[in-house]
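Colleague: Next come the chains, spelled out residue by residue.
Number of protein chains: 4
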Amino acid sequence: MPKKIKLGILGGGGDSLIGVLHRVAAHINDNYEIVGAVFNADFEESLEFAKEIDVPTNRIYKDFETLVEEELKLPKDERIQVCSILTPNFLHFPMAKKLLQNGFHVICEKPMTTTYDEAKILQDTLMKAGTVFAVTHTYTGYPMVRQMREMIKEGALGKIYKVDAQYYQGWINTIIHDKEKRSSVWRLDPEKAGISSCMGDIGVHAFNMIEFTTGLQIKSLLCDFNYLYKDNQMDVDGTVLIRMDEHVKGVIRASQVATGEENGLAIAIYGEKGAFRWEQEKPNFLYKLSDTEPLQVYKPGHAYNSELSLDGTKLPPGHPEGIFDAMANIYLGAARAIRGERYNDGEFPTMLDGVRGLNFIESTVASHKQGNVWIDLD
Amino acid sequence: MPKKIKLGILGGGGDSLIGVLHRVAAHINDNYEIVGAVFNADFEESLEFAKEIDVPTNRIYKDFETLVEEELKLPKDERIQVCSILTPNFLHFPMAKKLLQNGFHVICEKPMTTTYDEAKILQDTLMKAGTVFAVTHTYTGYPMVRQMREMIKEGALGKIYKVDAQYYQGWINTIIHDKEKRSSVWRLDPEKAGISSCMGDIGVHAFNMIEFTTGLQIKSLLCDFNYLYKDNQMDVDGTVLIRMDEHVKGVIRASQVATGEENGLAIAIYGEKGAFRWEQEKPNFLYKLSDTEPLQVYKPGHAYNSELSLDGTKLPPGHPEGIFDAMANIYLGAARAIRGERYNDGEFPTMLDGVRGLNFIESTVASHKQGNVWIDLD
Amino acid sequence: MPKKIKLGILGGGGDSLIGVLHRVAAHINDNYEIVGAVFNADFEESLEFAKEIDVPTNRIYKDFETLVEEELKLPKDERIQVCSILTPNFLHFPMAKKLLQNGFHVICEKPMTTTYDEAKILQDTLMKAGTVFAVTHTYTGYPMVRQMREMIKEGALGKIYKVDAQYYQGWINTIIHDKEKRSSVWRLDPEKAGISSCMGDIGVHAFNMIEFTTGLQIKSLLCDFNYLYKDNQMDVDGTVLIRMDEHVKGVIRASQVATGEENGLAIAIYGEKGAFRWEQEKPNFLYKLSDTEPLQVYKPGHAYNSELSLDGTKLPPGHPEGIFDAMANIYLGAARAIRGERYNDGEFPTMLDGVRGLNFIESTVASHKQGNVWIDLD
Amino acid sequence: MPKKIKLGILGGGGDSLIGVLHRVAAHINDNYEIVGAVFNADFEESLEFAKEIDVPTNRIYKDFETLVEEELKLPKDERIQVCSILTPNFLHFPMAKKLLQNGFHVICEKPMTTTYDEAKILQDTLMKAGTVFAVTHTYTGYPMVRQMREMIKEGALGKIYKVDAQYYQGWINTIIHDKEKRSSVWRLDPEKAGISSCMGDIGVHAFNMIEFTTGLQIKSLLCDFNYLYKDNQMDVDGTVLIRMDEHVKGVIRASQVATGEENGLAIAIYGEKGAFRWEQEKPNFLYKLSDTEPLQVYKPGHAYNSELSLDGTKLPPGHPEGIFDAMANIYLGAARAIRGERYNDGEFPTMLDGVRGLNFIESTVASHKQGNVWIDLD
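Protein chains in written order, with my numbering: chain P, 50 to 427; chain H, 50 to 427; chain V, 50 to 427; chain B, 50 to 427.
Keep in mind that a hint or two might mislead.
As the list claims (entries may be wrong) - Computed list of chain P residues with no C-beta within reach of chain V, every gap over 12 Å:
hint, residue
1, L121
2, T164
3, Q172
4, W235
Unchecked claim - In silico SDA-like links for lysine to any residue, alpha-carbon gap of 20 Å or less:
hint, chain 1, residue 1, chain 2, residue 2
5, B, K228, H, E295
6, V, K52, B, R385
7, H, K208, H, V297
8, V, K53, B, R391
9, P, K279, H, V414
10, P, K169, H, N408
11, H, K146, H, T180
12, B, K53, V, E94
13, B, K53, V, R128
14, V, K279, B, I424
No wet-lab data here; the hints were simulated from the structure. Just so you know, even glycine gets a beta-carbon here, dropped at the ideal spot from N, CA and C.
Please take these sequences and the hints and turn them into a complete structure.
Modeller: Below you can see the structure in the form of structure tokens.
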């Protein structure tokens with residue numbers, strides 16, 4: 050296998066959540082190495098952040114233009130191969146366009162651009178560039194979403210008649226019901242946030258999920274938004290009737306005011322021979338429904354899954370992928386201790402836990418062998 | 050924040066799952082850098098693997114003794130600070146002991162040693178060494194396990210009267226029911242695998258979980274094993290009655306023949322004022338029971354959680370931590386495309402997905418603004 | 050408390066499921082006694098069925114008109130007080146009208162009539178009659194649906210902004226995809242089944258559930274049906290955009306082709322201060338969501354529930370109401386044995402089970418008292 | 050089918066929950082008619098209660114002995130055929146014995162007797178009597194418990210190796226932690242409540258469930274109780290190690306101090322080819338686990354179920370049996386209205402609901418037919 054791919058990062062500095070997500074993802078399969086970046090519009094902050102996460106500072110650039118210019122001067126085998134664009138939405142288009150024109154591969158956060166026109170221009174640019182361009186519709190990376198797609202492709206549902214996708218969140222409640230806040234936040238300012246809030250931010254994921262899993266294209270739609278207040282210009286809730294065909298229909302439901310919903314992405318696909326249901330908050334369970342057979346629950350890592358699904362699973366069945374994070378938390382605690390930083394009791398298991406464990410194991414064997422008697426631990 | 054900690058790896062090469070888990074975990078919070086290793090007993094394989102995952106080969110050593118010797122020659126700020134021990138169980142003790150005696154920090158897979166006597170010796174060694182020693186009881190790293198511990202510590206359950214912990218798996222079924230296999234596999238050979246199979250491998254996690262979350266110590270136990278076949282010498286199933294106190298009791302149930310169970314670790318803790326229940330396969334849901342109030346479900350990332358729990362959450366509520374892996378799968382697909390390797394349709398969203406998304410978003414706005422009419426997508 | 054109410058039954062003979070449901074419900078609280086009926090259009094079958102279920106045959110009438118005529122001749126304290134109308138839909142209106150005009154109370158299956166015009170006429174008739182008229186929107190009888198309504202009324206959600214109700218079934222799949230069947234079945238013949246299949250049969254329950262629980266009225270709607278085939282004239286699937294107010298919106302989703310869905314009625318109500326979710330297939334769990342607090346799960350029978358909810362619960366918490374049926378199955382098995390009919394092993398626990406139980410209990414006490422030793426059962 | 054069976058009731062008067070459960074169950078399949086009773090030790094209260102629930106008072110007897118004596122004087126076809134014994138536990142034995150000796154069938158609440166010796170005597174009595182005797186281990190009546198039994202009998206799990214049954218409740222917490230209460234309540238007085246509290250009341254159900262579903266007999270056991278306080282003489286918690294065979298083992302876990310648990314009966318059965326899991330609080334879901342296939346979820350009423358299971362289902366799939374109670378609640382509300390009693394808004398759907406429903410249905414059709422436009426409701 051070749052060496053790690055040289056990755057540049059645009060945006061995602063400081064506390065940026067999307068920054069964490071991309072960095073972790075880039076490391077997980079040992080495929081990428083961050084070699085350059087413009088983490089922040091402020092050059093000093095960018096450098097500071099690079100030190101924090103131990104990225105060499107010599108290729109932290111003062112702005113995007115400089116990054117492109119300087120990297121092109123480097124010999125090809127040292128140059129950044131691919132850039133991840135994590136900047137505010139309106140910068141996606143100009144950055145992606147310039148990167149493609151200069152032969153870089155691109156991994157771009159969604160929405161890819163702020164308008165459909167820009168999107169089509171980008172598509173033309175890519176045609177000419179012939180490089181790789183990935184949009185991070187993250188949810189298509191779940192093993193069970195991939196399994197759903199592959200089984201549908203192989204005909205598990207027969208002809209599809211109906212789809213129902215939901216993306217419900219409640220987070221904008223803390224803003225929208227306050228007149229002051231809703232008039233000042235950039236998220237609800239069309240100038241800054243683009244044409245749509247709810248549908249542009251999350252509805253589009255539900256849309257993508259439908260087309261990804263079913264292989265069908267949505268041909269037409271009818272939409273009703275809710276702005277909740279007369280003085281608010283951005284949709285915070287919407288329902289979309291969709292048609293794939295005269296007799297193949299469905300609905301996309303999206304909301305940012307669905308109180309108490311966290312990241313409620315869910316999809317149901319109904320076909321002649323069966324149906325699938327999947328929910329993002331319990332991503333390891335894929336439900337296959339039938340009119341005549343018991344419900345089946347597919348889980349990751351089993352030999353019964355498709356190649357595409359298994360390729361996305363790194364651990365045996367029953368280990369939720371979140372176990373990486375559980376282990377990472379223990380490494381984090383140990384790191385603090387090693388550095389002599391303050392850490393709380395409970396951040397990582399100490400040797401005492403190991404000692405107790407052995408005491409336990411030997412006691413169970415003694416109890417059983419002596420005829421199921423009580424044994425005291427030390 | 051200081052620079053990354055210099056990490057050495059012992060074992061975990063090739064397809065080792067535990068190797069993947071530790072490397073990913075080490076990267077996730079940008080705290081560690083792998084600088085040296087003995088990935089494999091075979092030096093050539095070790096070197097090969099280092100190239101594969103892009104670890105510099107100059108500090109890949111031919112064996113553990115050489116690693117210690119050579120690293121000690123390096124100046125302190127270049128030297129490996131901490132070693133992760135991922136080797137077969139019987140090597141944990143000698144390696145950990147030597148590392149501690151030479152001033153290294155240690156992160157050690159469980160079981161820490163193969164006997165309680167070794168464990169106590171190691172404890173003495175650590176006393177003198179004064180370094181950091183972590184045992185990877187991974188499950189204590191889950192945000193909701195930490196939340197449980199903290200709430201119990203603050204008195205949420207009042208006095209605890211009963212605990213019930215389970216760790217059920219079914220994987221040994223494929224071996225145990227076959228006379229040939231069960232007599233030849235090292236896992237069921239006491240010489241190679243140690244004193245206990247089921248209790249040593251998984252029961253001990255349940256034990257640790259009880260002591261970690263309740264803060265109580267198990268004082269005595271009574272155990273009954275099942276070997277399933279006369280010719281089998283290792284426990285593959287066992288139930289342990291436990292006592293923390295004359296009137297505080299519980300049970301640990303562990304099995305490797307619980308057919309169809311994958312990684313069924315679960316714990317229930319009952320106290321005077323309430324109870325907690327948690328299951329490893331749905332790690333983001335912590336259930337708080339009460340005799341008089343509605344059941345409450347705690348989830349990660351919320352402000353209502355404790356500091357220890359929040360410290361272990363990297364994303365907002367509703368994003369299962371497995372989302373890192375979903376994103377990582379997309380990065381993996383992109384990496385293959387960038388390298389010009391073979392990849393399957395669906396491994397990452399392409400620009401076409403981005404174009405479709407924008408087409409969708411603009412159509413929803415048009416439909417709504419024109420009075421909820423049908424709009425065709427391109 | 051007064052004596053049982055005298056109940057007449059129209060329809061519901063033979064294997065009619067709706068007949069079983071109404072009879073069982075009438076008996077459950079010891080409030081009704083069936084004294085007369087026209088179970089079936091065929092008088093002989095009606096008589097036969099009356100004998101089967103042990104209703105006196107002297108007040109089984111040959112048709113509806115005779116029932117009304119003859120009952121009116123009886124003294125008031127012997128006369129049928131209330132009639133349950135379980136006949137085909139088109140008979141609901143004429144029967145209900147005549148019953149009301151003659152001073153009878155009415156319990157009527159839904160849809161109450163086949164047209165809105167009939168419904169308004171019936172409303173006028175009821176005004177004049179001044180009797181009791183109940184429509185069996187069964188789902189409003191669930192304790193947790195009632196709890197949801199009462200808590201909303203008391204302001205638990207604050208102002209409501211969004212509702213989402215679903216009623217998904219898949220049963221019509223066995224008919225709709227077969228050209229022969231779909232052209233011949235009365236369910237899909239507008240002449241016999243009325244104006245709407247999916248929305249008339251199940252969508253209307255979702256509609257009723259919204260108005261019942263929220264106390265809001267739906268003011269306008271926009272609907273899209275799916276007929277699935279050009280030669281089919283009845284909706285088998287539909288999505289309805291609804292508005293309670295300019296800024297209070299929602300959606301009703303109903304389907305009879307949602308493959309594998311059984312009786313998937315579900316409702317979600319989102320308000321300023323919280324939200325509720327409830328699913329008919331797990332009717333004992335009412336979920337209360339919040340943006341800032343842990344999710345709460347309300348269950349029937351607890352003191353924290355409202356009077357209206359508690360009034361509908363007959364057993365302590367944790368006993369699903371279906372336990373009546375479990376017990377009824379045991380009574381059924383015993384009945385067969387008592388009558389000397391054929392019955393299967395397992396239909397009811399025999400004395401042997403009782404004997405074993407006592408053997409078990411005494412052995413547990415002996416084992417504990419003798420210091421946790423093994424005791425053999427007989 | 051013959052006429053209803055003549056049923057006598059002993060105990061179960063007034064607010065007795067067990068009385069409600071038995072009466073409802075007796076009515077559900079139209080098989081029984083209550084013709085005589087001693088509802089209460091106090092004759093006046095017995096008569097009063099009979100009037101309340103409309104049982105003829107002429108066969109309400111002043112005590113059990115009189116009931117037997119007088120009924121025997123009646124001609125055989127008028128006489129009580131079967132008696133349900135719902136009295137305090139210590140009366141089960143003498144009543145059952147006398148009834149059997151006089152040729153009556155018996156349906157007896159559990160525990161059947163208070164000692165194993167009594168149980169064996171009763172068994173002898175039954176042998177001679179040759180009548181029917183049912184013990185109400187209610188949980189064996191659930192359709193999915195029956196399905197589990199039948200599938201195991203047919204070999205779905207292969208050889209069984211392990212069982213795990215739990216019955217956790219928390220209700221005794223309100224008594225046990227209060228010194229005053231725990232010393233005065235009859236439930237914790239061995240003189241009145243018998244030899245065991247927790248194991249005798251609920252553990253025995255778990256025991257019965259294991260033997261019922263697996264067809265195996267438990268051969269020996271080892272038990273540990275928890276009394277929680279030195280001054281308490283009755284077990285309120287216990288764990289029982291069980292052996293069906295040298296290599297077939299399991300555990301029964303029972304508790305009345307499992308805080309927040311309501312009626313937590315659950316069972317897991319692991320065999321060579323698969324496993325079953327079932328929980329009483331979600332009785333309609335039977336989980337079939339496999340090491341190699343997707344998890345399957347069986348639900349009642351489907352053609353794939355066994356005869357014994359289908360025999361216990363009265364409604365189509367997706368209707369939880371609790372729907373009888375939802376409907377019963379509506380009948381209850383209507384009964385109150387008919388009698389002119391006070392009732393709350395929401396107790397039953399009125400004609401207004403029916404009118405609204407028709408308005409809704411016609412509007413959906415109009416909206417769709419006019420091209421998906423908005424239609425106002427009245």
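Colleague: Could you run down the list of hints and mark each one as holding or not?
Modeller: Quick rundown of the hints versus the structure:
With 12 Å as the threshold on Cβ separation, the claim that L121(P) sits away from chain V holds: the shortest Cβ distance comes to roughly 48 Å. No beta-carbon of chain V is positioned within 12 Å of the beta-carbon of T164(P); the least distance is around 26 Å. The non-interface label for Q172(P) is consistent with chain V: the shortest C-beta to C-beta separation is roughly 31 Å, beyond 12 Å. Against chain V, the non-interface label of W235(P) holds: every CB pair exceeds 12 Å, the least being about 21 Å.
Distance check on the hinted pair: K228(B) and E295(H) sit about 18 Å apart at the alpha-carbon level, within 20 Å; holds. For a cut-off of 20 Å, the pair hint linking K52(V) to R385(B) stands: about 12 Å separates their Cα positions. In summary, the hint linking K208(H) to V297(H) is supported, as the alpha carbons are separated by about 9 Å, within the 20 Å threshold. Restraint check for K53(V) and R391(B): the C-alpha separation of about 17 Å stays at or below 20 Å, so the hint holds.
Between the alpha carbons of K279(P) and V414(H) the distance comes to roughly 17 Å, so the proposed pair stays at or under 20 Å and holds. Distance check on the hinted pair: K169(P) and N408(H) sit about 9 Å apart at the alpha-carbon level, within 20 Å; holds. About 12 Å separates the Cα atoms of K146(H) and T180(H), which keeps this hinted pair within 20 Å; it holds. Among the hinted pairs, K53(B) with E94(V) is consistent with the structure: their alpha-carbon atoms are about 19 Å apart, no more than 20 Å.
A distance of roughly 24 Å separates the Cα atoms of K53(B) and R128(V); the hinted pair therefore is violated under the 20 Å criterion. Straight-line distance between C-alpha atoms of K279(V) and I424(B) comes to about 25 Å, which puts the hinted pair past the 20 Å bound.
In the structure shown, a violation is registered for the earlier hints numbered 13 and 14, in ascending order.
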